[in-house]
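Participant: Dock chain B against chain L, hints included.
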Amino acid sequence: MKKAFKNKGILVGGGIVVSFIILAIFAPLIAPYNPKDADLMRSLEPPQLKYPFGTDVQGRDILSRIIFGSRVSLSVGLVVQAISLSIGIPLGLISGFYGGIADDIITSLINIMFSFPSLLFAIAIMAVLGPSIYNIYLALGIISWPTVARLVRGETLSLKERDFVEASKALGVHNFSIIFKHILPNCLGPIIVVATLGIADAILTEATLSFLGLGIQPPTPSWGSMLSRGREYIWSAPHLVIFPGLAILITVLGFNLLGDGLRDIFDPKLKNIK
Amino acid sequence: MGTYIARKLLLLIPILIGVTLITFILMRIIPGDPVLQLMDPRAAKVDPEVAAQIKAYWGLDKPAYVQYLKFIWNALHGHLGYSYRSNQDVLKVILERFPATLKLTLLSMGFAIFFGILIGVISAIKHNTFIDVISMTIALIGVSTPIFWLGLILMYIFGVAWPILPPSGYGPGITYLILPSLTLGYAVTAFISRISRSSVLNIIGMDYVITARAKGLSEKIVIYKHILKNALIPIVTIIGIETGWLLGGAIVTETVFSWPGIGRLLIESIMARDLPMVQGCILFIALLFSLVNLIVDIIYSLIDPRVKYGRS
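Here the protein sequences line up with chains L and B, keeping their order.
Each residue of the first sequence is one higher than the one before, counting from 85 in our numbering.
Each residue of the second sequence is one higher than the one before, counting from 18 in our numbering.
The set of hints was computed from the structure by calculation and includes no laboratory data.
Hints may contain errors.
Just so you have them, the derived chain L footprint on chain B, three or more residues with Cβ under 8 Å [unchecked claim]:
{"hint": "1", "stretch": "77-87"}
{"hint": "2", "stretch": "123-137"}
{"hint": "3", "stretch": "264-277"}
{"hint": "4", "stretch": "306-317"}
Keep in mind it's a predicted model, so treat the numbers as computed, not measured.
For every residue, glycine included, the Cβ atom is placed at its ideal position computed from N, Cα and C.
Bound conformation, chain L alone (with noise of 0.2 Å):
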């Protein structure tokens, strides 16, 4: 714990983190307008005391738009490692601790999935299944499993000859609690570093998604989607395009230096260098 406050990466992007998930959580509170209210006198108004970030086409305020995209955005995030977590840890377990048969099954499942540009495996789920945050989720979610299951699948196989393991199994315990009473709480940490470099993998996506006009569509205020809109005003009204990406662009960064930060943290072999 010592350590996590001295890692940089862990203080600033935690730092980043928690403000996200603030303003995703209190966005009615903090946002200075609504962010569905359109009015036409108001239209793509450059930045200014009143509107910090100016406003868009139909006159909306793109400060409270971008906080109120915080919440597509930390929603993309979590829900999407929710289903490639609970997909992943038990697929990775299964596969690794048995062996056999259901190893080479979800070995050649996760090849297959991973022979798959995973962008254009997600492109392709979201032009079949129609643009929708649930879709979102699915497509992501989908795309994301497999990062889960290997990561998982070689940290049994290591654990799995480690002697307290060994010993258990001697003593005659019951594989189920010896998978989750030593295997799992053995992996959490990798799942953790894993998981937290997965949400900002899922917010860049959506957003690409939503900016190719897959994802999340209007009036729902999403970053990705905001872009989308702003692009074609960008020869006149550049802060259309330049706000909703540095959102983007913060938050990712805040997700992969705490992802970062952490692996340093977990993983003892780059710990000697630093």
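Facilitator: Coordinates of chain B only, in the frame set by chain L:
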């Protein structure tokens, strides 16, 4: 060596089946009747006889496994069907668009490999110095930046605010290529430099490097002969994996810059619900990725003497 490559080629078969099966299934679970989408939406009623004819023409009346086998058979013969929109041969259109994508991805990858390895190695050798901190911060920002946003910002800076480059489109010469490949290349450079740095850092701590230094070898020889040669191996693997990312990124970059490659063709076809074209593009990109990974695997075996050929 020969058996090693043969084994890798054999391993490609289940991957190819997986990729084609995924593409096939995805395209078949689309909600709504594909026949109805071909018809004029203003038509009050669809003549069932005409609908049946269209179904038979596209082979949609057969059971799914027959359709899949036919799809594979046709794909093996280069028949990916005809566009719903323009009735053109899908493969022909894809091959027409491919050179644009190839130009963009090769240039981006080329400069990403060069600068990525260079920056990563320098950061590792000078680790925890000012240069290292600065370049790794820039790399972390690179990994966190949405590429479509970077594209738009570059477009605004160099096409509008300071107009020295064409903001978008496709033309002869290199000027049109600069902004798109910078956009696509930055993130890949960032990825590669991060991996290169940690790969070199891993090697620096190895016993044989310490031995080499203890023997009194010059720093140059230690870096080139002992560190770089060994650090290159994981970097090559990452470059293979990054190709998948690069192809995904190309879809986005092409859309931002109106670059007439396969990525933009895919997005256009999705918007127009031109299913044979969508299927063709997805299959083509996925196959390309598998092929690149195969090549990377072979290169890997060539540079790493520890890979055992034949049985493992």
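Participant: All hints are to be evaluated individually against the structure, with a verdict given for each.
Facilitator: Results for each hint:
1. Beta-carbon proximity to chain L at under 8 Å applies to 0 residues in the stretch 77-87 of chain B; the threshold of 3 is not reached and the given coverage is violated.
2. Counting residues of the stretch 123-137 of chain B whose C-beta lies closer than 8 Å to any C-beta of chain L gives 0; at least three are required, and the coverage claim is violated.
3. Closer than 8 Å: that is the beta-carbon criterion, and the stretch 264-277 of chain B has 7 residues meeting it against chain L, so the requirement of 3 holds.
4. Coverage of a stretch by a chain is defined here by at least three residues with a beta carbon nearer than 8 Å to that chain's beta carbons; for the stretch 306-317 of chain B and chain L the count is 3, and the condition holds.
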